[in-house]
Amino acid sequence: MKGERRLASLMLAPAVLWVLVFFVLPFAGMVALSFARLQGRTVEQGFYAENYARFWSDPAIFKGLIVSLEITATVTIISLLLAYPLAWIIAMRVPERWQRLALLLAVLPFWTSYVVRSYSWLLVLGQKGVINNALIGAGLIAEPLTLSASRTGTVIGFVHFFVMLLTLTIYANLRQLPPNYARAAADLGASRWQTFAHVILPLTLPGIITGAFLTFVLCIGDYITPQILGGGNELTLPQIIMMQMGRQGNFPMAAALSVVLMGTVILAYLACARWLRLDRI
Amino acid sequence: MKILAPLYMAALYAFIFLPVIVLVVFSFQDGRLPVPPLKGVTLKWYADVLSDRALLSALWNSLLVAIVSSAIALTLGFLAAVALARTILPGSALIRGLLIAPMTVSYLIIALGLMNLWRDLGLSVSLWATGIGHVVINLPLCFAILYAAMGDQQRSAERAARDLGASEPRVLWHVTAPMLLPSLLAAFFLSVTFSWDEFIIAFLLTRFDVTLPVEIWSLLKSGLSPKTNAVGALVFLVSVAAVIILELTVFRKRRA
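In order, the protein sequences belong to chains A and B.
If you're matching positions, the first sequence starts at 1 in this note's numbering and goes up one per residue.
If you're matching positions, the second sequence starts at 1 in this note's numbering and goes up one per residue.
Think of the hints as simulated: they come from the structure by calculation, not from any bench.
Do not take every clue at face value.
Between beta-carbon pairs, the in silico distance windows are [unchecked claim]:
(1) 8(B) with 137(A): 33 to 43 Å
(2) 107(A) with 7(B): 15 to 25 Å
(3) 267(A) with 181(B): 39 to 49 Å
(4) 246(B) with 40(A): 51 to 61 Å
In this text, a Cβ means the ideal position worked out from N, Cα and C, and glycines have one as well.
With these hints in hand, go ahead and build the complete structure from the sequences.
If you want it as structure tokens, here you go:
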């Protein structure tokens, strides 16, 4: 028994050490750095709250969090609304033997490189892009629409990615439902809509919330999509972090904003965790 | 209702595939801008890509970092998952939480943390630093997949092997690993994909030996070009081929 424990500890050690040294330690260092301050070009260690104070009081920076939250909320809601019916159709309407193929196709563009995916939306949405070209060619509009280089562009780029992700997770969830639940509801006289609203939807809620949380985390921390498709009129929190670090060389400020970003994700996690527990009662 | 479902499906598939189709079509553009109209078909941009030294060395770096970091993440994750599945240790739940934790943190934050650490230690960033970061993001994934795949039947098989006198490394290599092979492969390929495609960690933690996503990013800065389309189309082709091979081998076997 004792030997077994020693062996288990030995096997655990590399993984635990890796996470401690390359994840926990850097993260603690970043929290410490967020309380330092920049004096001229050098970082002065210490315990100052001024980065956080500036985050709170500088509208240009605080707005980054708001923009990020707005975009993330929009993206999460639109992606869920689009993905749920698609997952539903694949799970319930497509014949069993074609389902895997249908799903594989639905997530195929997932495998394009992440940077390239945003770039290809630029070709679709840009001033001279495919959509504007088609609309002008058809005589529907005279001037090109501003689709990329705006929040619309960022949201479309994100939604494209997360519709694929959510279709996958919701499909997995729907497939786990025993089919006789829906049949039982129908036998008891529930209409299709009632069956959906009172049986299927509540049962798939944990999956939906897990998917929504994943979307939230990945979306709010993303730098590339808004950077390529957003046009720079409004900046998201990750863009501001990168700017603080790059152009301004203000590492303490970048660290403080990262802590804010992290805090936002933790809040979202707590919100979801509570919902999930309530759901189980 | 009968017609609504196929219609909806078609619309969403169109949305999902639109950018990929545009990307591929205009990679053949005989002109300098990858937007309509299509002026003619040429393979010139592909030739351009395949003779671009910087792109090819970035491709090599990406492959190297993806395979090495995934192998490390898989090994560490495997050992930890086996240990936690078979032995009850004080603080097991805490350790599980610790190993999963990096999954909930934005890559940007992981990258910034490592960058600061490297600066504090006076090290210069490199492909190695990127690889270390990629192990951090893939270790939780490998651990979670393998931990979920552990079951009673392989615990008793392990015990049988041990009773027959097999040493612990032999048990792991000849009993545990083969029994978990589908999950091991799935975890490895997922890790490779994530590392291969990862941008922000590689961007902040490399300077000269950049990876492919970072090199593509610097191509983007010079504006739209069919050459970028060609790179993207090639990457897509390779990934799709990998997915199809995986689907036909690993996952088919698992279902059977």
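Each hint tested on the structure:
no.	hint	verdict
1	8(B) with 137(A): 33 to 43 Å	violated, 27 Å
2	107(A) with 7(B): 15 to 25 Å	holds, 20 Å
3	267(A) with 181(B): 39 to 49 Å	holds, 40 Å
4	246(B) with 40(A): 51 to 61 Å	holds, 54 Å
In the structure shown, a violation is registered for the earlier hint numbered 1 alone.
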